[in-house]
Amino acid sequence: MKLIWLALLIPVLLSCQSKPDLPIMGPREVITLEDGTKDTLYHSIPEFSFLDQDSQYVSLDNLKGKVVVADFFFTTCPSICPIMKTQMLRIFEEFGGRDDFLIISHSIDPEHDTVAVLRDYAARLGVPSDNWRFLTGDLFDILDLAQKGYLVSAKEDSTAPGGFIHSGAFILLDKDQRIRGFYDGTKATQVDFLIKDLKGILNEES
Amino acid sequence: MKKASLAFLVFITFFSSCDSEEQIEKKKYISMGMQLYAAKCAQCHGDDGNGLGTLYPPIKDSDYIKNNQDSLACIIKYGLSGALIVNGIEYNQPMPANPDLYDEEIASIINYIQNGWGQEADFFSVEQARKGLDNCR
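Residue numbers (this note's numbering), protein chains in the order written: chain A, 451 to 656; chain B, 5 to 141.
One or more of the hints may lead you astray.
To be verified - When the alpha-carbon atoms are kept at most 27 angstroms apart in a straight line, the in silico DSS-like pairs for lysine-lysine are as follows: (1) A:Lys637 / B:Lys44; (2) B:Lys64 / B:Lys32; (3) A:Lys625 / A:Lys516; (4) B:Lys44 / A:Lys605; (5) B:Lys44 / B:Lys70; (6) B:Lys135 / B:Lys31; (7) B:Lys64 / A:Lys637; (8) A:Lys598 / A:Lys514; (9) A:Lys488 / A:Lys649.
Honestly, the hints are just simulated from the structure, not real lab data.
Let's have the full structure, built from the sequences with the hints guiding it.
Set out below in structure tokens:
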């Protein structure tokens, strides 16, 4: 009788140890290499360059080798942004001290959200600059990056509260800037998943 | 002897444990306010009423709320912008309007924010809310 319980327990214990494998999201293409073998080219974040709250340029280079959580917001957003920031703070509190981790919040209202405004906003939110960057730049470049790079929606909409319609998604990138997950940043339970997945991704090799 | 003690008990019950009408009203408003707060206010001002950093001011133990009773209804209904000081700290983030709220709902939110999280304040009636709203238009 006892042997049966033990036999049942082993697969349970084994399955608990395996980490869930996060898929790589987005379009992909199969390419043929020089030696004739085929390889899969996964979607990754394209080149970009925006100013952060310290007036420093942040580009794709800054993301290399780091796990990134990105979102799109604007400082005067009345609806979903406050709760997104509260949730992002949870992530920041847990992982913000690591040097292989970065949070990037892109403003989709760069006209209002200048470097100075973002600096004030970050200070009021209570986050030091290092691992949480607030970016501003050309509106169309930012919206383009959101839609084509991060595969989330973000556009001007005069009927939406605040004037912009945007996804409340938190996008998880691995150390090769590939999208590994989308999480609803307005829901604490989804952010719980993100935190769990983040731990797995941080352990992955680049 | 038993009848007398029974009568005594009934006497005590009537006069000691019941809430007054106003207290019952207040409790009704507070519980409606709690739901409205969670739906419309908590995302900025927090489930605990402590706000967010120096971005969104606290509601709990806020001196601004105590000192601006007549403007509360207007602020909740029409929003507020410009710098203000709450408990000695400056805030300057625009608060959006909630124009769809009924007067009773506004009064209930006010009762909740003043009586929730361990605080206690006098009952804030719908009449007070209406009076406030008349003056902000």
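Need the status of pair B:Lys64, A:Lys637: alpha-carbon distance at most 27 angstroms? 24 angstroms, holds
Against the 27 angstroms threshold, does the CA-CA distance of A:Lys598 and A:Lys514 hold or violate the hint? Roughly 19 angstroms between the alpha carbons, so the hint for A:Lys598 and A:Lys514 holds.
Please work out if B:Lys135 and B:Lys31 have their alpha carbons no farther apart than 27 angstroms. Roughly 22 angstroms separates the two Cα atoms, so the pair holds.
Verify the proposed pairing of A:Lys625 with A:Lys516, using a straight-line Cα cut of 27 angstroms. 5 angstroms, holds
Pairwise hint evaluation, A:Lys649 against A:Lys488, where the allowed Cα distance is 27 angstroms at most: Cα-Cα ~31 angstroms, so violated.
Holds or violated: A:Lys637 and B:Lys44, Cα atoms, limit 27 angstroms. Holds. A:Lys637 to B:Lys44 sits at ~15 angstroms (cutoff 27 angstroms).
Satisfaction of hint between B:Lys32 and B:Lys64, Cα-Cα up to 27 angstroms: With Cα atoms ~20 angstroms apart, B:Lys64 and B:Lys32 stay inside 27 angstroms; holds.
Is the Cα-Cα distance between B:Lys44 and A:Lys605 27 angstroms or less? 24 angstroms, holds
For the pair supplied as a hint, B:Lys44 and B:Lys70, confirm whether the alpha-carbon distance does not exceed 27 angstroms. 21 angstroms, holds
Hint 9 from the earlier list is the only one contradicted by this structure; the remaining hints agree with it.
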